[in-house]
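7 is the number of the first residue of the sequence shown in our numbering; add one for each residue after it.
Hint data in this document are derived by calculation from the structure and do not stem from the laboratory.
With beta-carbon atoms standing in for the labels, derived distance ranges:
# : residue 1 : residue 2 : range
1 : L138      : A161      : 15 to 25 Å
2 : A213      : S179      : 23 to 33 Å
3 : L138      : S225      : 40 to 50 Å
4 : L125      : S225      : 41 to 51 Å
5 : A213      : L138      : 52 to 62 Å
None of these values were measured; they are calculated from a predicted model.
Glycine is no exception: its CB is placed at the ideal position from the N, C-alpha and C atoms.
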Amino acid sequence: GANNSNACFLCSEGLFSEGAGGSVCEKCPAGSFSTGIGANNPALCALCSGGTFSTGGARVCEKCVAGFYWTGEGAQSSASCTSCSRGSFSSGGVTTCGNCSAGTYGTRIGAENSSLCLLCSAGTFSIGGLSLCDVCASGSYWTGIGANSSSSCIACSAAKFSTKGATICTLCSAGSFWTGSAASSCVDCVAGTYSSDGANVCSKCVAGSYGVDSGANSSASCLICPPGTFSVEGSNV
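All chains, please: the whole structure from these sequences, using the hints.
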(Lines of atoms letter the chains of each structure in order from A and count residues from 1; the text may use other names and numbers.)
(Lines give C-alpha, C1' and ligand atoms only; values in the text may rest on other atoms or scores of the structure.)
Protein backbone atom coordinates (compact mmCIF):
# COMPACT_ATOMS: atom_id res chain seq x y z
CA GLY A 1 0.00 0.00 0.00
CA ALA A 2 1.01 3.65 -0.19
CA ASN A 3 2.95 5.29 2.61
CA ASN A 4 0.74 7.28 4.99
CA SER A 5 2.47 10.65 5.29
CA ASN A 6 -0.24 11.87 7.68
CA ALA A 7 0.41 9.27 10.41
CA CYS A 8 0.42 10.68 13.93
CA PHE A 9 3.09 9.79 16.51
CA LEU A 10 3.10 10.24 20.23
CA CYS A 11 5.71 12.64 21.62
CA SER A 12 8.30 10.75 23.60
CA GLU A 13 9.38 11.45 27.16
CA GLY A 14 10.77 14.95 27.68
CA LEU A 15 8.77 16.31 24.72
CA PHE A 16 5.27 17.73 24.12
CA SER A 17 3.07 19.00 21.29
CA GLU A 18 0.29 21.57 21.73
CA GLY A 19 -2.95 21.34 19.74
CA ALA A 20 -3.92 19.19 16.82
CA GLY A 21 -1.98 19.06 13.62
CA GLY A 22 1.44 19.58 15.11
CA SER A 23 4.28 18.44 12.92
CA VAL A 24 7.02 18.36 15.52
CA CYS A 25 7.34 17.74 19.23
CA GLU A 26 8.93 20.45 21.34
CA LYS A 27 11.36 19.95 24.19
CA CYS A 28 10.32 20.47 27.78
CA PRO A 29 12.01 23.75 28.78
CA ALA A 30 15.35 23.81 30.58
CA GLY A 31 14.83 23.25 34.28
CA SER A 32 12.00 20.75 33.73
CA PHE A 33 11.38 17.15 32.64
CA SER A 34 8.61 14.81 31.58
CA THR A 35 8.28 11.07 32.05
CA GLY A 36 5.02 10.70 30.17
CA ILE A 37 4.50 9.81 26.51
CA GLY A 38 2.18 11.93 24.39
CA ALA A 39 2.29 15.14 26.46
CA ASN A 40 0.11 17.82 24.85
CA ASN A 41 0.92 20.76 27.09
CA PRO A 42 4.14 22.28 28.48
CA ALA A 43 2.43 22.34 31.87
CA LEU A 44 2.96 18.58 31.92
CA CYS A 45 6.70 19.23 32.14
CA ALA A 46 7.54 19.20 35.86
CA LEU A 47 10.23 21.35 37.45
CA CYS A 48 13.47 19.65 38.41
CA SER A 49 13.68 19.22 42.16
CA GLY A 50 16.44 20.61 44.36
CA GLY A 51 19.85 19.09 43.74
CA THR A 52 19.06 18.42 40.06
CA PHE A 53 18.93 20.29 36.72
CA SER A 54 18.06 19.88 33.06
CA THR A 55 19.08 21.71 29.91
CA GLY A 56 15.77 20.90 28.16
CA GLY A 57 14.01 17.91 26.63
CA ALA A 58 14.78 15.79 29.64
CA ARG A 59 13.13 12.51 30.59
CA VAL A 60 14.84 12.77 33.96
CA CYS A 61 16.78 15.61 35.58
CA GLU A 62 20.50 15.21 36.12
CA LYS A 63 21.96 15.30 39.60
CA CYS A 64 24.42 17.91 40.79
CA VAL A 65 27.69 16.02 41.01
CA ALA A 66 29.33 14.99 44.27
CA GLY A 67 30.76 17.96 46.14
CA PHE A 68 27.93 20.24 44.95
CA TYR A 69 24.34 21.06 45.96
CA TRP A 70 21.37 23.19 44.90
CA THR A 71 18.45 24.24 47.09
CA GLY A 72 15.95 25.53 44.52
CA GLU A 73 13.73 23.95 41.86
CA GLY A 74 14.02 24.34 38.11
CA ALA A 75 17.78 24.61 37.74
CA GLN A 76 18.60 24.95 34.04
CA SER A 77 22.23 23.83 33.98
CA SER A 78 25.02 22.40 36.10
CA ALA A 79 26.20 25.98 36.64
CA SER A 80 23.37 26.33 39.16
CA CYS A 81 24.98 23.69 41.37
CA THR A 82 27.04 25.29 44.15
CA SER A 83 30.17 23.73 45.62
CA CYS A 84 30.10 22.65 49.27
CA SER A 85 32.07 24.97 51.51
CA ARG A 86 35.03 23.87 53.62
CA GLY A 87 33.89 21.72 56.52
CA SER A 88 31.10 20.07 54.53
CA PHE A 89 30.60 17.52 51.74
CA SER A 90 27.99 15.94 49.45
CA SER A 91 27.56 12.73 47.49
CA GLY A 92 25.62 14.61 44.77
CA GLY A 93 21.97 15.29 43.97
CA VAL A 94 21.33 16.99 47.31
CA THR A 95 19.78 20.25 48.49
CA THR A 96 22.30 20.78 51.27
CA CYS A 97 25.80 19.62 52.10
CA GLY A 98 26.47 17.46 55.13
CA ASN A 99 28.75 18.79 57.83
CA CYS A 100 32.02 17.18 58.84
CA SER A 101 31.18 15.53 62.15
CA ALA A 102 32.22 16.75 65.59
CA GLY A 103 35.89 16.06 66.20
CA THR A 104 36.76 16.59 62.53
CA TYR A 105 37.22 19.45 60.06
CA GLY A 106 37.43 19.92 56.29
CA THR A 107 39.79 22.10 54.29
CA ARG A 108 38.56 21.21 50.81
CA ILE A 109 35.93 23.12 48.83
CA GLY A 110 33.63 20.68 47.01
CA ALA A 111 34.45 17.63 49.12
CA GLU A 112 32.67 14.51 47.80
CA ASN A 113 32.41 12.46 50.99
CA SER A 114 33.04 12.41 54.73
CA SER A 115 36.34 10.55 54.33
CA LEU A 116 37.83 13.90 53.31
CA CYS A 117 37.09 15.27 56.81
CA LEU A 118 40.19 15.17 59.00
CA LEU A 119 40.50 14.47 62.72
CA CYS A 120 41.31 17.44 64.92
CA SER A 121 44.86 17.27 66.24
CA ALA A 122 45.83 17.26 69.92
CA GLY A 123 45.12 20.57 71.64
CA THR A 124 42.16 21.35 69.37
CA PHE A 125 38.48 20.40 69.02
CA SER A 126 35.51 20.77 66.67
CA ILE A 127 31.75 20.79 67.23
CA GLY A 128 31.30 19.90 63.51
CA GLY A 129 31.09 21.72 60.19
CA LEU A 130 34.38 23.56 60.66
CA SER A 131 37.15 24.37 58.20
CA LEU A 132 39.63 24.60 61.06
CA CYS A 133 39.46 23.13 64.56
CA ASP A 134 39.16 25.49 67.52
CA VAL A 135 42.03 25.52 69.99
CA CYS A 136 41.93 24.69 73.69
CA ALA A 137 42.05 27.93 75.69
CA SER A 138 45.05 29.18 77.64
CA GLY A 139 45.40 27.34 80.91
CA SER A 140 44.13 24.05 79.47
CA TYR A 141 45.36 21.21 77.28
CA TRP A 142 44.34 18.03 75.44
CA THR A 143 46.56 15.14 74.39
CA GLY A 144 44.23 13.12 72.15
CA ILE A 145 42.94 13.60 68.60
CA GLY A 146 39.33 14.04 67.47
CA ALA A 147 38.06 16.05 70.46
CA ASN A 148 34.43 17.06 69.87
CA SER A 149 33.93 19.96 72.31
CA SER A 150 35.75 22.46 74.51
CA SER A 151 34.89 20.28 77.50
CA SER A 152 37.51 17.83 76.22
CA CYS A 153 40.18 20.40 77.14
CA ILE A 154 41.51 19.78 80.66
CA ALA A 155 42.43 22.65 82.99
CA CYS A 156 46.09 22.80 83.96
CA SER A 157 46.72 21.88 87.58
CA ALA A 158 48.04 24.37 90.13
CA ALA A 159 51.47 25.90 89.39
CA LYS A 160 51.23 24.96 85.70
CA PHE A 161 50.31 27.04 82.65
CA SER A 162 49.69 26.68 78.94
CA THR A 163 49.19 28.81 75.86
CA LYS A 164 46.29 28.25 73.44
CA GLY A 165 46.19 24.89 71.67
CA ALA A 166 48.53 23.18 74.14
CA THR A 167 49.01 19.42 74.38
CA ILE A 168 50.73 19.66 77.77
CA CYS A 169 50.91 22.11 80.67
CA THR A 170 54.27 23.53 81.76
CA LEU A 171 55.41 23.84 85.37
CA CYS A 172 56.14 27.37 86.55
CA SER A 173 59.93 27.67 86.65
CA ALA A 174 62.00 28.76 89.64
CA GLY A 175 61.87 32.54 90.03
CA SER A 176 58.21 32.75 89.02
CA PHE A 177 54.77 31.95 90.44
CA TRP A 178 51.34 30.79 89.27
CA THR A 179 48.65 33.43 88.85
CA GLY A 180 45.69 31.06 88.94
CA SER A 181 43.48 29.03 86.59
CA ALA A 182 43.57 29.84 82.86
CA ALA A 183 47.13 31.14 83.23
CA SER A 184 48.96 31.50 79.93
CA SER A 185 52.28 32.21 81.68
CA CYS A 186 53.86 32.50 85.12
CA VAL A 187 54.90 35.84 86.58
CA ASP A 188 58.40 36.65 87.81
CA CYS A 189 58.84 37.05 91.56
CA VAL A 190 59.40 40.70 92.47
CA ALA A 191 62.65 41.88 94.07
CA GLY A 192 62.77 40.80 97.69
CA THR A 193 61.09 37.47 96.97
CA TYR A 194 62.09 34.18 95.35
CA SER A 195 60.66 30.78 94.39
CA SER A 196 61.62 27.27 93.39
CA ASP A 197 60.00 25.28 90.55
CA GLY A 198 56.20 24.95 90.68
CA ALA A 199 55.48 27.74 93.14
CA ASN A 200 52.00 29.10 93.77
CA VAL A 201 53.46 32.09 95.62
CA CYS A 202 56.90 33.60 96.00
CA SER A 203 58.67 33.38 99.37
CA LYS A 204 59.88 36.57 101.03
CA CYS A 205 63.46 37.29 101.97
CA VAL A 206 63.57 37.08 105.76
CA ALA A 207 63.82 40.13 107.99
CA GLY A 208 67.39 41.37 108.14
CA SER A 209 67.93 40.66 104.45
CA TYR A 210 66.80 42.04 101.12
CA GLY A 211 66.69 41.20 97.42
CA VAL A 212 67.45 43.46 94.47
CA ASP A 213 66.64 41.25 91.48
CA SER A 214 63.27 40.10 90.16
CA GLY A 215 62.91 36.46 89.17
CA ALA A 216 65.16 35.19 91.99
CA ASN A 217 65.12 31.40 92.25
CA SER A 218 66.45 30.76 95.76
CA SER A 219 67.00 32.30 99.20
CA ALA A 220 70.66 32.68 98.25
CA SER A 221 69.60 35.75 96.29
CA CYS A 222 68.67 37.50 99.55
CA LEU A 223 71.51 39.71 100.81
CA ILE A 224 72.29 40.37 104.49
CA CYS A 225 71.72 43.96 105.57
CA PRO A 226 75.00 45.76 106.27
CA PRO A 227 75.89 46.73 109.87
CA GLY A 228 73.77 49.53 111.25
CA THR A 229 70.79 48.78 108.98
CA PHE A 230 67.71 46.54 109.20
CA SER A 231 64.84 45.31 107.05
CA VAL A 232 61.46 43.69 107.34
CA GLU A 233 60.73 40.49 105.42
CA GLY A 234 60.34 40.87 101.66
CA SER A 235 62.46 44.06 101.46
CA ASN A 236 64.03 45.04 98.19
CA VAL A 237 66.34 47.71 99.62
